[in-house]
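Number of protein chains: 2
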Amino acid sequence: MTSTDTAQSAPPANGNRAAAANLSLRRVGIDTWRENVVYLNRDCEAYRAEGFQALAKVEIRANGKRILATLNVVDDASIVACHELGLSEDAFAQLGVPDGYLVAIAQAEPPESMAALFRKIDGERLNREEYHAIVRDIAGRRYSKIELTAFVVACNRGELDREEVFFLTDAMVASGRRLDWHEPLVVDKHCIGGIPGNRTSMLVVPIVAAHGLLCPKTSSRAITSPAGTADTMEVLAQVELPFDKLAEIVRENRGCLAWGGTADLSPADDVLISVERPLSIDSPGQMVASILSKKIAAGSTHLVLDMPIGPTAKVRSMPEAQRLRRLFEYVAHRMHLSLDVVITDGRQPIGNGIGPVLEARDVMRVLENDPRAPNDLRQKALRLAGRLIESDPDVRGGDGFGIARDILDSGRALARMNAIITAQGSNGFDHNHAKLGAITFDVLATRAGVVAGIDNFQIARIARLAGAPKVQGAGVELFRKLGETVAAGDPLYRVYAEFPADQAFAQQAATKATGYTIGSADDVPHVFVEF
Amino acid sequence: MTSTDTAQSAPPANGNRAAAANLSLRRVGIDTWRENVVYLNRDCEAYRAEGFQALAKVEIRANGKRILATLNVVDDASIVACHELGLSEDAFAQLGVPDGYLVAIAQAEPPESMAALFRKIDGERLNREEYHAIVRDIAGRRYSKIELTAFVVACNRGELDREEVFFLTDAMVASGRRLDWHEPLVVDKHCIGGIPGNRTSMLVVPIVAAHGLLCPKTSSRAITSPAGTADTMEVLAQVELPFDKLAEIVRENRGCLAWGGTADLSPADDVLISVERPLSIDSPGQMVASILSKKIAAGSTHLVLDMPIGPTAKVRSMPEAQRLRRLFEYVAHRMHLSLDVVITDGRQPIGNGIGPVLEARDVMRVLENDPRAPNDLRQKALRLAGRLIESDPDVRGGDGFGIARDILDSGRALARMNAIITAQGSNGFDHNHAKLGAITFDVLATRAGVVAGIDNFQIARIARLAGAPKVQGAGVELFRKLGETVAAGDPLYRVYAEFPADQAFAQQAATKATGYTIGSADDVPHVFVEF
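Quick note, the sequences are listed as chains A and B, same order.
So in this note's numbering, spot 73 of the first sequence is number 655, and the numbers just go up one at a time.
So in this note's numbering, spot 221 of the second sequence is number 803, and the numbers just go up one at a time.
If we strip away everything but chain A, and leave its shape as in the complex, we get (with noise of 0.2 Å):
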């Protein structure tokens, strides 16, 4: 029988050393984006005396609040002098107290979930408590880049069961605010990306709300597209709004189309997408937790997801996609959030403007049933909005597309959309006179036959090299769509630039790849989908 010996030593020493508060705070004008970062100079003496690691993780204490940040070492006293301590914006940010307040640092204990961690790093399932501890953490800004991306891509490659998504799911709805309208039915509309020109909320959320269901539509602005909701609202309508501004909207109009920015739901979410993108990660389960966390923490009891499939998707097959609505379906059901998604056409893109002024002009066509508006957006719009009102209880099943519609033709849709874009705050937007880009150029076939391909990304980076979103009026105009035939020498599409390097830079990739492959009838893809 062995015991563990506990020590008997000689007398101890002269109590301990609490870490003494005796660093002037300095806040250092650098964004380091979503990583705490503290500088020290190389000759301060609590660096010296602590022997920090490079890199090392510490933590920073002043009146009661703790944060941890990575090490910068210093080696000009411009920046950092001896007797202060630098910290990064955010950092500064959540510290929460002024520069010259004198604050303490020490060795950091590790962030509580650093041994779930490693598990996962070492392939090992984690339970609920685990995703928490980890979620909460990062949340709090606990974890450095290197650890960040380490559970990233330990969770990449199916690396999660069902059940782990939905744990990772609630831990981060758990580690932000979250919504509640106070009503049984707050709907919503997502898609999962990857098709130009997708505008179908701005269509549904003023449909569904003239029919009376609560749609508090929150959206992001774009980050590798040509436009995100947010940006082509924009164009109508003021979007980043304080909080209370759009409650109020919401309540008066039964939904809003503004920036999602100012709610602060799903901090976790944020901060994993800030090394996701980089390393271009998108695995099912990340995509799930952060659709669903996204939309929970709003506060949406129901939700239809917009699932595009085709060569050039994010979703490249049919098994695929059932798979991953599987997954969907499963989380969904465990938060107890309605879902329902639907798997639609994504071979090309829909509308025909590419870029938030072209897109807004698509929308208000629509709107105003004028004959120029593409139908296909119109038709997708409908039938996503009329899903979404089938959760109305009153409406039988397989009624929503012929409500959505009367909707849509009697004006009820526009005149709910100018009521949301008039307590937004308009920006005057008139799509008979919408301001494009000054400089275009046309991209032409150049031989006969049927359109048989076009490349969402090519034609996504065509716009975004031709300046959007940022320049409001650049972007794609397309002329031709899948299936119809050309002539040697049609335009196929425009691009419109306010820059003349923006255009030269989009000219450059048009020149290399147009996007669009010209071929006969039969080489059109087909896809199966519901629309």
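Worth flagging that the hints you see were computed from the coordinates, not collected in a lab.
Careful: at least some of the hints might be erroneous.
In this list, chains with the same sequence are indistinguishable; a pair is considered to hold if it fits within one copy or across any two.
[To be verified] Here are the simulated SDA-like pairs of lysine to any residue, each with C-alpha atoms no more than 25 Å apart in a straight line:
no. : residue 1 : residue 2
1   : Lys-1052  : Glu-641
2   : Lys-1094  : Trp-615
3   : Lys-1052  : Ala-663
4   : Lys-1052  : Glu-691
Take the given structure of chain A and dock chain B to it, following the hints.
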């Protein structure tokens, strides 16, 4: 039949926008530790025009040279003004032009190996060219911390088969300098680590050098342990020597014991370690690649690798050790390195002292054949030296130990060590008057019995808290080893510290857990090892 339509556009615009060299370079005194960071002011024209993402990878060009760097946006014009471009220390050094030079910035083309990195993140097997491309980009500082971490985690968990480990090792050797000593036999010894006090190198080198073998040993400083070979040697002599001086010392004395940092061998290894360490990642593949690439780059032809096993060693069991040995042997074979892996007793620290001065004292006592010299250190060093001596074609298998013992007993090893110490620059150490930390406390046995377990981790931790290796005279001196009988109240070990705070932290840890387990003779674990 389809043809992808190439553009026939309207007349091209006025030329391309070449990246104009229009920003004044400014060295920013921030050490971002092996990651290139570029600092741009948020109001800077180039930043706004390019629409860089936060943390974007950008390319900086000057004087025909290009580097990649991660973007941090700055809000403080005193750090970087609007017409300036700031670079962190490493990046500034890599670009190699002075302050004030006009440089250009552009979106970075992703590093050549990005596609291979993404494939590895997806769990694919990579080929030889892909490993070379990745390691070239790592050594060239073209990977951000995020990409580095993704690579390391994706390679973790036995994801690399043995041939991939060879590819990685080969690529790491190709990425840096490779020394050539112009002799057919260049011997070296390495330990995989994890055992405090295991300073056999400082005995093996003088012994085999006295025999006549070339043994140019470079070592690292401790990162997480209480002393690295370089730290302990530094008690005796200077270790940070310019490479030319080292080469001269080796030529004259057949050996040296220096710090490896000046030679810039295997640069990719140092970069990888900067992310592996915070994540405690030490997978077999990466361990083999790291150790063998460094030894091969250092010009070794024959290597003896010490692999201790035990309940608190890095490798816990014989089957695990055998797997690791086979991996080392396979890669060494492919790299044409003669390798002898020796599985040794890792149940407890080697020698009596842990910490630079205490270990240096042990080493000098062994060399002087002092009766107080720890016998386990002496025996282990002789066996390892014997193995190395047997790489000499004139020595028969089995004779090595005897030759080594004669060299030691006769004082020739001591003479050679003193010559090396003088050549590197003596620090005047006298083991009879070793300067140890003035503040001590003893840890006593609380019950009678047999020492049945010594926790390597805990003892190392206590020695570090006491101040080792930064405080040379700090550390732990063991009085009792495994299998020895103790009475209640007998001192097990003594802790030396220089500063009260260090002593307090060490005492706190020792009180929580001494690291010693007292039981009966049956409780002592057995390992069946070579020695």
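For each hint, the structure was consulted:
Taking the closest pair of Cα atoms, Lys-1052 and Glu-641 come within 25 Å of each other only across two copies (21 Å); inside a single copy the shortest separation is 38 Å, beyond that limit. Taking the shortest Cα distances, Lys-1094 and Trp-615 never come within 25 Å of each other, neither inside one copy (34 Å) nor across copies (39 Å). Taking the closest pair of Cα atoms, Lys-1052 and Ala-663 come within 25 Å of each other only across two copies (24 Å); inside a single copy the shortest separation is 39 Å, beyond that limit. For a Cα distance limit of 25 Å, the shortest separation of Lys-1052 from Glu-691 across copies, 21 Å, qualifies, whereas the shortest one inside one copy, 43 Å, does not.
The structure shown violates just one earlier hint, number 2.
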